[in-house]
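Protein chains: 2
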Amino acid sequence: MAGNEKTAVQPTRMQDFPAWYQEVIRVADLAEHAPVRGCMIIKPYGYALWENTRNWFDKEFQKRGVQNAYFPLFIPLSFLQREAEHVAGFAKEVAVVTHSRLVMSEGGLVPADPLEEPLIVRPTSEMIIGDSFAKWIQSHRDLPLKINQWANVVRWEMRPRLFLRTSEFLWQEGHTAHASGDEARATALEMLEVYREFAEEVLAIPVFAGRKTESEKFPGAETTYTLEAIMQDGKALQLCTSHYMGTNFAQAQSIRFQDADENLSFAHTTSWGLTTRTIGAAIMVHGDDNGVRFPPKIAPIQVMIIPFLLGKEEDGAVLDAARALLQVLSGTSYFEGPVRVRLDEREMRAGDKSWDAVKKGIPIRIEVGARDLQEKRIPVYLRNREKRDVIYFPDNETLAGKLSSLLEEIHADLYQRAVSYREKYAVIASDVSDIEQIFKVEGFPNPFVLAPYKEDRNFEEVIRTQFGVTIRCILHKNLPLSLNSTNNRSGDREQAIFARSY
Amino acid sequence: MAGNEKTAVQPTRMQDFPAWYQEVIRVADLAEHAPVRGCMIIKPYGYALWENTRNWFDKEFQKRGVQNAYFPLFIPLSFLQREAEHVAGFAKEVAVVTHSRLVMSEGGLVPADPLEEPLIVRPTSEMIIGDSFAKWIQSHRDLPLKINQWANVVRWEMRPRLFLRTSEFLWQEGHTAHASGDEARATALEMLEVYREFAEEVLAIPVFAGRKTESEKFPGAETTYTLEAIMQDGKALQLCTSHYMGTNFAQAQSIRFQDADENLSFAHTTSWGLTTRTIGAAIMVHGDDNGVRFPPKIAPIQVMIIPFLLGKEEDGAVLDAARALLQVLSGTSYFEGPVRVRLDEREMRAGDKSWDAVKKGIPIRIEVGARDLQEKRIPVYLRNREKRDVIYFPDNETLAGKLSSLLEEIHADLYQRAVSYREKYAVIASDVSDIEQIFKVEGFPNPFVLAPYKEDRNFEEVIRTQFGVTIRCILHKNLPLSLNSTNNRSGDREQAIFARSY
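Protein chains in written order, with numbering that gives the first Met the number 0: chain A, 0 to 501; chain F, 0 to 501.
Careful, some of the hints might be misleading.
One copy or any two copies: either way a pair holds, since identical chains are not told apart in the list.
Using 20 Å as the maximum straight-line C-alpha spacing, the simulated SDA-like pairs for lysine to any residue come out as follows [to be verified]:
1. LYS439 x GLN171
2. LYS145 x GLN61
3. LYS5 x ALA320
4. LYS62 x ALA47
5. LYS234 x MET13
6. LYS134 x PRO43
7. LYS216 x PHE89
8. LYS145 x THR6
9. LYS58 x SER332
10. LYS62 x ARG341
11. LYS58 x VAL338
12. LYS216 x GLY88
13. LYS453 x GLY310
14. LYS62 x GLU50
15. LYS62 x GLY336
16. LYS62 x ASN51
17. LYS58 x GLY336
18. LYS134 x THR246
19. LYS91 x ALA111
20. LYS234 x TYR501
21. LYS58 x ALA47
22. LYS439 x ARG341
23. LYS145 x GLU346
24. LYS423 x GLN9
25. LYS91 x ARG387
26. LYS401 x LEU381
27. LYS134 x ARG25
28. LYS62 x GLU344
29. LYS401 x GLU182
30. LYS5 x GLU189
Treat the hints as calculated values from the structure; they're not laboratory data.
In this text, all values refer to a predicted model and were calculated from it rather than measured experimentally.
Could you put the whole structure together from the sequences, leaning on the hints where they help?
Here you go:
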């Protein structure tokens with residue numbers, strides 16, 4: 000469907016990227032805006048992406064001794080007074096609960112009983128989990144303590160965008176406490192590596208790993224680690240953060256332990272989180288002008304079987320063949336479970352079903368018609384290809400045997416395309432002085448720049464206010480700078496990413 | 000540990016049932032009160048029970064075409080005006096969000112910007128999901144629509160009790176819409192049957208299925224179905240509810256569809272939910288004076304291996320044997336997955352580990368010591384038995400082969416004990432006129448009475464105000480009334496359960 004063929008989605012990415020984003024979400028039936036300011040409704044097809052995310056992480060957490068728990072939605076206002084720096088980062092965007100009852104008045108229902116102390120709806124749970132850590136941790140034998148929570152959090156959002164910026168969003172937040180700073184920092188980095196594996200090996204999104212600058216790091220953190228990815232509009236998206244807190248939070252919250260010699264020390268803590276915005280990232284990295292495209296490991300449906308029924312005599316045989324295929328493919332495995340295969344038996348035109356599967360980004364479509372039965376072939380279409388190329392398989396068993404490797408090829412292809420896009424559009428500057436020149440130019444996609452960098456708070460303020468550009472991270476590993484750069488000084492200096500961002 | 004042996008928990012159930020309940024939760028490390036009014040912190044061991052609950056239901060939902068989704072935490076006040084009767088049931092206990100920002104003043108942080116319209120934190124999502132249903136449903140082809148949500152909800156609670164009554168709790172809420180009343184009612188009953196299966200076959204809790212009286216039903220429902228169970232203090236606990244709404248909610252929220260003849264009709268809706276209080280039920284039905292006892296299918300840990308190390312030469316061999324056992328048992332299956340087996344390698348006395356496993360209600364303990372190795376035996380203790388009877392197995396493979404049936408026996412035994420308890424303490428009255436006499440007497444356990452009943456709102460008001468007794472449900476199936484009853488008139492009349500309740 001490249002070139003002059005019609006596209007399913009209008010506008011295209013080139014024409015209007017933000018409008019394209021809204022439209023692919025709508026046609027794929029992933030989510031919609033709620034009647035509540037800034038909030039979203041995650042529809043079943045979108046929510047399945049989040050369930051797959053949760054299931055993947057829960058296995059990884061378990062391997063690492065991280066235990067799930069649940070802490071309250073509400074945080075007393077008094078808790079926020081304890082950590083002024085941390086709170087300043089959230090005070091502008093918290094929802095405040097002030098009343099506990101409604102009564103009917105002339106104009107309708109009105110809030111009745113004021114609470115003794117207002118409560119805030121958690122924008123993050125550092126404060127309430129830290130309070131528990133202080134009670135639970137007495138001795139070095141209680142360490143390390145590794146807790147994770149899957150929860151909803153609220154931060155008012157003035158300009159909501161589905162998945163990317165919503166007042167309420169879903170996330171996991173991990174919180175750990177350790178006896179030593181080295182162990183805590185190693186854990187923050189270990190979790191960053193788990194996120195990298197998820198991004199690259201599940202979402203097929205290539206990432207840059209690094210740390211935030213002093214002015215961009217989490218309030219109260221010693222170091223904030225991050226993964227950054229480039230979207231198809233050239234903007235950066237932060238996929239997660241992992242913070243090493245030092246003893247900053249432990250001091251504010253009295254998280255102390257007795258070591259083997261009975262000395263009392265503050266614990267070293269970490270926290271790390273990943274939100275529903277990763278779904279937005281998968282859409283913006285992989286989607287094309289026909290809709291979303293989901294990498295197989297996260298796709299709610301990996302294979303859709305579509306019977307081509309023409310209201311003729313042969314329809315019965317076609318439907319039987321489609322059902323037999325469903326049976327066979329359901330018994331095959333891919334990644335961490337059985338293949339997620341469905342048969343579309345809805346009463347509508349086969350062509351519409353086919354487009355529906357395209358728009359929903361289902362990796363493999365099998366379109367079975369009477370002619371295919373005659374010719375003893377199973378036509379398979381891959382959503383990662385723009386063209387409607389068809390691969391014919393001779394029988395159900397041959398296809399079932401190849402299904403797993405076919406899905407793996409799709410994953411690898413989507414990942415490689417994203418890498419190619421990044422290589423094509425990421426600009427490599429030999430010196431930070433080029434930054435202003437590069438971002439001065441308006442165009443699509445936005446520039447995404449790597450350059451050697453030494454932290455400079457004033458410079459960051461200038462590019463942020465003048466060009467809306469931030470330093471996304473200082474890279475853990477320098478990338479080879481362009482060979483045609485006349486002044487390659489990367490050897491002895493760290494590299495940073497400069498970009499506009501979500 | 001029956002009779003004169005010491006018990007792990009003080010007070011005992013007989014001495015003070017509510018205090019016993021708090022204490023078994025504390026020693027099993029399941030949950031604790033949060034520093035926020037009426038809220039709880041669900042600790043990892045308690046949260047695992049909820050994760051197992053969710054995993055079981057998700058499979059059942061999927062089989063029935065119920066899809067998970069996520070709706071906003073907040074509901075605009077204006078939505079509540081639409082359904083006055085429904086809202087009256089919640090107005091007294093809703094949390095109201097009135098402000099969107101905090102600012103620092105002299106006295107500390109204070110709420111800053113008032114919202115244009117106050118929001119309530121969902122006490123249930125009928126109103127917000129109904130609003131979506133109205134948009135999503137156009138034609139009979141969009142029906143049935145079956146949506147479920149796993150979420151946190153808030154209803155202020157003045158006298159909180161862990162799991163049983165907390166201001167914030169976790170639940171699943173299912174919402175469906177149908178073209179016909181028959182289909183909707185059948186769905187409400189089908190979900191009640193799913194809950195029954197969960198109660199009896201997973202939680203090992205025998206239940207009574209029935210419907211609520213007019214005065215006890217959900218505000219706005221046509222019929223409320225329920226499962227009721229007897230706790231060890233004789234009180235009843237409602238395990239779930241399933242509501243057939245008729246077209247009441249559809250009318251309030253304009254959920255309409257065009258039928259095949261293009262006539263516009265209101266949809267028939269249902270809703271059904273089960274909360275974290277089922278964990279409280281499992282504790283109160285199965286726990287004994289040594290702690291909680293969890294039926295194997297819900298137990299976070301099904302088998303705990305405890306090496307008896309004595310600081311001697313043989314310790315290495317004992318630990319090796321324990322690890323080999325862990326390896327073998329991990330490879331076996333029970334119910335819907337691999338056996339959840341753990342090895343307790345903590346540095347503490349083996350006897351303390353053993354008591355810890357008892358208090359945590361782990362169904363099977365394997366206590367391996369040097370002497371057992373010598374005698375080539377594996378000592379297995381079952382938590383469902385009060386006595387420390389031991390079953391010896393000759394080797395790992397024999398035990399592994401028997402593990403699944405051993406766990407199944409434990410389930411059956413716990414279920415049978417609960418049935419026996421119910422048969423022993425449930426009183427059968429031949430006529431409703433006996434009710435007042437029965438509840439007049441103070442004692443432990445509380446009376447739990449079955450009697451023939453014809454709905455009478457005045458009578459319900461009398462027993463509620465005078466004795467704190469409610470009608471838990473009108474039974475779907477009459478039970479045979481006591482043979483020594485002089486006046487058995489059950490044949491032509493419905494039976495109801497009269498009890499004090501949680």
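Structure-based check of all given hints:
1. LYS439 x GLN171: neither (38 Å within a copy, 52 Å between copies)
2. LYS145 x GLN61: within (10 Å within a copy, 32 Å between copies)
3. LYS5 x ALA320: Neither way: LYS5 and ALA320 sit 31 Å apart in one copy and 67 Å across, limit 20 Å.
4. LYS62 x ALA47: between (23 Å within a copy, 15 Å between copies)
5. LYS234 x MET13: Answer is within: at 14 Å inside a copy they meet the 20 Å cutoff, but 66 Å across does not.
6. LYS134 x PRO43: between (39 Å within a copy, 15 Å between copies)
7. LYS216 x PHE89: Answer is within; shortest intra-copy Cα gap is 14 Å, inter-copy 42 Å.
8. LYS145 x THR6: Answer is neither; intra-copy 48 Å and inter-copy 32 Å both fail.
9. LYS58 x SER332: Both: 18 Å inside a copy, 18 Å across copies.
10. LYS62 x ARG341: Intra 31 Å, inter 13 Å, cutoff 20 Å: inter-copy only.
11. LYS58 x VAL338: Both. Shortest intra-copy (18 Å) and inter-copy (16 Å) distances satisfy the 20 Å Cα cut-off.
12. LYS216 x GLY88: Within one copy only: 11 Å inside a chain, 46 Å across chains, cut-off 20 Å.
13. LYS453 x GLY310: neither (69 Å within a copy, 56 Å between copies)
14. LYS62 x GLU50: both (19 Å within a copy, 17 Å between copies)
15. LYS62 x GLY336: For LYS62 and GLY336, both the intra-copy (18 Å) and inter-copy (17 Å) Cα distances are at most 20 Å.
16. LYS62 x ASN51: Both ways: LYS62 and ASN51 sit 17 Å apart in one copy and 18 Å across, limit 20 Å.
17. LYS58 x GLY336: Intra 13 Å, inter 14 Å, cutoff 20 Å: intra and inter.
18. LYS134 x THR246: Intra 16 Å, inter 51 Å, cutoff 20 Å: intra-copy only.
19. LYS91 x ALA111: between (25 Å within a copy, 9 Å between copies)
20. LYS234 x TYR501: Classified as within: same-chain Cα gap 7 Å, cross-chain 54 Å, threshold 20 Å.
21. LYS58 x ALA47: Cα proximity of LYS58 and ALA47: in one copy and across copies (17 Å, 14 Å).
22. LYS439 x ARG341: For LYS439 and ARG341, neither the intra-copy (49 Å) nor the inter-copy (60 Å) Cα distance is at most 20 Å.
23. LYS145 x GLU346: For LYS145 and GLU346, only the inter-copy Cα distance (19 Å) is at most 20 Å; the intra-copy one is 50 Å.
24. LYS423 x GLN9: neither (25 Å within a copy, 70 Å between copies)
25. LYS91 x ARG387: Neither: 50 Å inside a copy, 59 Å across copies.
26. LYS401 x LEU381: within (13 Å within a copy, 47 Å between copies)
27. LYS134 x ARG25: between (47 Å within a copy, 14 Å between copies)
28. LYS62 x GLU344: Classified as between; 17 Å across copies, 40 Å inside a copy.
29. LYS401 x GLU182: Neither way: LYS401 and GLU182 sit 44 Å apart in one copy and 42 Å across, limit 20 Å.
30. LYS5 x GLU189: neither (46 Å within a copy, 46 Å between copies)
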